[in-house]
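*Asks:* Now for the letters of each chain:
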Amino acid sequence: MRLRTNGRLVAKNRPVHFTFNGKRLQGYSGDTLASALLANDQLLVGRSFKYHRPRGLVAAGAEEPNALVELGRGDRQEPNARVTQVELFDGLAARSQNHWPSLEFDVGVINAKLSRFLPAGFYYKTFMQPQAFWKHVYEPIIRASAGLGRAPETGDDHTYEHFNVTVDVLVVGGGIAGLAAALAAGRAGARVLLVEQTSGWGGRAVVDRPSIEGISAQDWVNATLAELDAMPNVDVRLRCQGAGVFDHGYALAHERLTDHAPKQGGPRQRLWRIRAGRIVTATGAIERPLSFAYNDVPGVLLAAALRDYVVNFGVAVGERTVIVTNNDDAYRTAIALHDAGLDVPAVIDARTSAKGELPEQVRALGIKVLTNSGIASVDGGKRVTGVQVCAQDGEGTVTETIPCDCVAMSGGWSPVVHLWSHCGGKLVWDEPHAFFRPDADRPPLGADGEGFVIAVGTANGHLFTAEAIADGFSAGRKAAKVAGHTRKPGQAPMGDDVAEDALTPVWIMPAQAPYKLRSKMWLDYQNDVKVSDVQLAAQEGFQSVEHAKRYTTLGMATDQGKLSNINGLAVLSNALGEAIPRVGTTTFRPPYTPLPLAAITGVARDELFQPIRKTPVHAWHDAQGAEFEPVGQWRRPYAYPRGDETAHDAVTREVVNTRENVGLLDASTLGKLIVKGPDAGKFLDMMYTNMMSNLAVGKCRYGLMCSENGFLMDDGVVARMDDDTWLCHTTTGGADRILAHMEDWLQCEWWDWQVYVANVTEQYAQFAVVGPKARQLLQAIGGMALTKDDLPFMQWASGQIGGFDVRVFRISFSGELSYEIAVAAGQGAAFWDMLVKQGEAFGLMPYGTEALHVLRAEKGFIMIGDETDGTVIPQDLNLNWAISKKKDDFLGKRGQLRSHMVDPDRWKLVGLETVDGSVLADGAYAVAEGVNANGQRNTQGRVTSTYYSPTLKKGIAMGLVKHGPTRMGEVIAFTKEGGGFVDARIVDPVFYDKDGEKQNV
Amino acid sequence: MSDPISALSLRATHGSVQVSDTGVHGMITLRGDLASSKIRSLCKDLVGLPAPAPREVQVKGDAAVLWMSPDELLFVLPYGSVADSLARIAKVLKGQHHLAVDVSDARTMLRVDGPFAREVIAKLAPVDLYPGAFGEGQVLRSRLGQIAAAFWMSGPQTFEVICFRSVAEYAFDLLAASAAAGPVGHFPRGT
Amino acid sequence: MLILHCPHCDRMVDETDLHAGGEAHVKRFGPGSEAEEFENYLFMRENPKGVHFERWRHVYGCGKWFLAARNTATLEVYGTYSAQTTEPPQAIRDAISAKQPGWSWGTFQ
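Chains as they are written, first to last, in full-length UniProt numbering: chain E, 1 to 1001; chain A, 1 to 191; chain X, 1 to 109.
Read the hints as simulated data drawn from the structure, not as lab findings. We treat Cβ as the ideally placed atom computed from N, Cα and C, and that holds for glycine.
With a straight-line cut-off of 27 Å between C-alpha atoms, the simulated DSS-like cross-links for lysine-lysine are:
{"no.": "1", "chain 1": "E", "residue 1": "K886", "chain 2": "X", "residue 2": "K27"}
{"no.": "2", "chain 1": "E", "residue 1": "K788", "chain 2": "E", "residue 2": "K837"}
{"no.": "3", "chain 1": "E", "residue 1": "K893", "chain 2": "X", "residue 2": "K27"}
{"no.": "4", "chain 1": "X", "residue 1": "K99", "chain 2": "E", "residue 2": "K478"}
{"no.": "5", "chain 1": "E", "residue 1": "K12", "chain 2": "E", "residue 2": "K23"}
Which chain X residues stay away from chain A? Per the calculated CB distances, all over 10 Å, these:
{"no.": "6", "residue": "K27"}
{"no.": "7", "residue": "N40"}
{"no.": "8", "residue": "Y41"}
{"no.": "9", "residue": "N47"}
{"no.": "10", "residue": "P48"}
{"no.": "11", "residue": "T72"}
{"no.": "12", "residue": "Q90"}
Let's have the full structure, built from the sequences with the hints guiding it.
*Replies:* Given below as structure tokens:
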């Protein structure tokens, strides 16, 4: 309900309309969805995960475990939005999740009646046997009931972006400690980025109102912000969460730019990728719930959260609020409620006495304070109707029932140590305060060997204003100094606090509660984990906190146990009879709260998902309706279907036309590396298995490259350009890889050799003019002399064709007369157009990569990636002719002498022809007699390339077969897709023009 | 011989920060001993500029010479002068181990120009672009999104970007999207 | 993410602009080497928890290789240096000794 007073963040003259489960509701500008729902008395916001119990708001910030809703529709639908972090805007539409058929009436609640049968580890115990049930019974049931929210079904029409920055000091958290840190670092002259996850500065101080420097916390915050704003070296960002800290000072922050203002233009969210010299984590602390029976009934919430709702938004959860605590801080809630005109029938304090300044103030207001007391049980179903009071040190005998409609609880505070811990910062158990805090002596270490994260303020265990603000200021100064900024930032601001008495740790309320009560004390609201579950896990032997977490699901899912971890861990250590620090915490992993995948993706989606490399003729291919295939990041035409042609028909036509007339291939993607220098020949002799140093200027030679293991890694034609320059062609995907390979050996092994390498792949468009009419076509166009005598096979020359400056290579990957012509890339499209136009008279047709494959397979030419897979050596492919025996050394030579490499049983390359003319399946295995140790059929070979040959009008294939070359003519069986076998004859892999007469004319 | 064309045919966006293809440029990669007096004098010869120190670019009008690595320079000069320049290099460095190649057609040059050009680049490149850390006279080689790129500032709010020709469209669209999304407001105003 | 100093460019470089090249100071064995030597060269690595020497290439930048001395457990970087050496320079060894007295790695200490 909305109060007449209070509400520092809301503008009561600016109403905002929104809907919840279709119901039209009103809030104010400045509300969060959480406060607006409370203002409309919408206490019930969701159902729990396992028992589908009704759940209300527990918290007011990022730690809220219950109130997850679905926002928007269609391409703006978003699941699992935490209502405490959603700022209200006009037209906001929210729906509750995890219930069926409705929030008010949910059939899943039957699980709760069965809760005795759904203990910790229920899934593991129940769904174990029989194994056959897994796939068709258990998994569908678990999948249907698991998961929170619905995944969006359409795209997302927002834009997202990344932003890279380097700063001296990143400050995470805009409370007074974070502001003080930024102030000190900024004054010192450091580059500072200060991020705050909420939409307001000041953290708890502006709610709890201590004084700072003799003025109110709010005035101090305003003055500090004004000073920070005026500093050009400081950037401050609201709605920006420090999400993760990573090695060497890398950090991610997630900024929500328009979530609260969907009509505003620009990106919706921005992911900051930050490199920080030092990271100051001023992330505050989270209040802990108390574990009493039925502490999950809507209307039970954290004391400080209730204070936030009252002070910040002017809303309350109920008229009569009982406060239950083990510390002084919760008394502030009693005062705030009293000030707002609300009734506080009692403060139930678990401590044996409460004589601090705040309890005395509360007593003076006429509020009853019950010490050594606890809540035995909460009454009510969908809403609190009262509490039953008992002695804290007893078994829960009810001494009194107090009617109320709200319970505010406080079990003390836990510093938010997540960012400190992400990169390995260690924690220490602080006995007096009963919390883990950062151990300053064991911070996460950076590249300089020093701690690079400094936790400050309440995140560092300083719960009081004076020490928190001084801590922040000193850390800011220290962090700036590391980056060399030593200007004096002045004195630390002075804070002033009310003194507080110590808390008494309370992990179970009442301390001697029987099972009946313990089995209703919720530790983890989101996952329905209760005190009894953790105790059962301990009893069943789950002693490690990491194991107990996974067994019980405590601290899993979207909230990652922000409220439940410490309470759960305390229960576990008590059950194990171990001290809390001995049991330790689970691992804190980034991000702090879930990041949308869209924010991580940033701009890399749709057209910009990944770079597509395009040749200078790409637009022409596209205009012709070519079917493209990806080759690395390149897109190459697979075939150019005409009219109603299928791709298969097109390939057949392209192959036949190339064999009969002339074909044109865009080979621009082939890698081209210039290798130059006095030692270039010697170097290439090491790189290639064959000799390159003795290649004559003007000639070309096919070469193989192997890794030191001996395995074939790339192939291509090498051309000698001049006395000390070679041009090495690589495979399409190989240019960058082979360049890196060459640079590695030149820089790291033979750095005294005088060789330079340059990648000129993209300088040239390169086209293969292929077929019996290739020469006629080029001669008709006119230019350089291209007869057999002018430019013999395996030679190259430069000159002009049709007025274009070109370099022509007489090399062939098809077995036909072939000219590969390189022209400057900027003239590639014009040159191609000319070839196509002039080629018309000769029956020229462009052909794609599939025709290229068929043409080469008919000739028995190998393809890197088909015949090779990283375990194949050239000898396997009968390429011994390309391995120099004269050279003392080349990369791979020693590797190829290893015992397994010279094993006569290695599978070797052969041609394969099916007996029935059909096409073998790609990758099919040749079966052998018997079975292996796993009961699988033995194999004796496999298919590496397989095509329909339009030239031979039947299926042809290449494969690796055990003792293959000595088994010519033998018929062996290959597996077929869908089962069964097909017989194929072992033949010579050269199916077409065995003597190579056609390419050498 | 036809007129050379750039990969994007002078495509340009309009907006507060403009992204444009600046057309064809002559570019020569020269690898060699950068400390040698002959290479230093070639910088003067070819583009009328002093040799750049590590991480530096020397710029005069449309001409530039960039430090690319400890043994590599990139000359940017008129497209039509590449052949003569290569001949000049060959002559001057005769007998001295080096490699000089024409890469004019292998590259695309884009310009990002406008008040928040610095932030447009910082959205895409994992480098420190804070005004005190990077400005005119310096060159950076890093990534833009998922591709390799080199860039430098030719004016207080102008970046020149070089990338491979095959990814010109990706680079252009990436920069255009980054510019269209507007400023971040992180770098001090007017830088 | 590791952020290392490229000694060639004299600037800090994100790991995503680098290519990791495995262990440094591996001595090549070629034809004529014994099976064990060759196996050591190809497959056997120090792979320590603690002081380590690695190869990195500034692939998106200058394209040059460099070596890094760092601690695999704490991620402290003792220094980066030219790849054109067969052993860590004395200054790097001293920097390690200052933090990890008595360290050893392969035959180096």
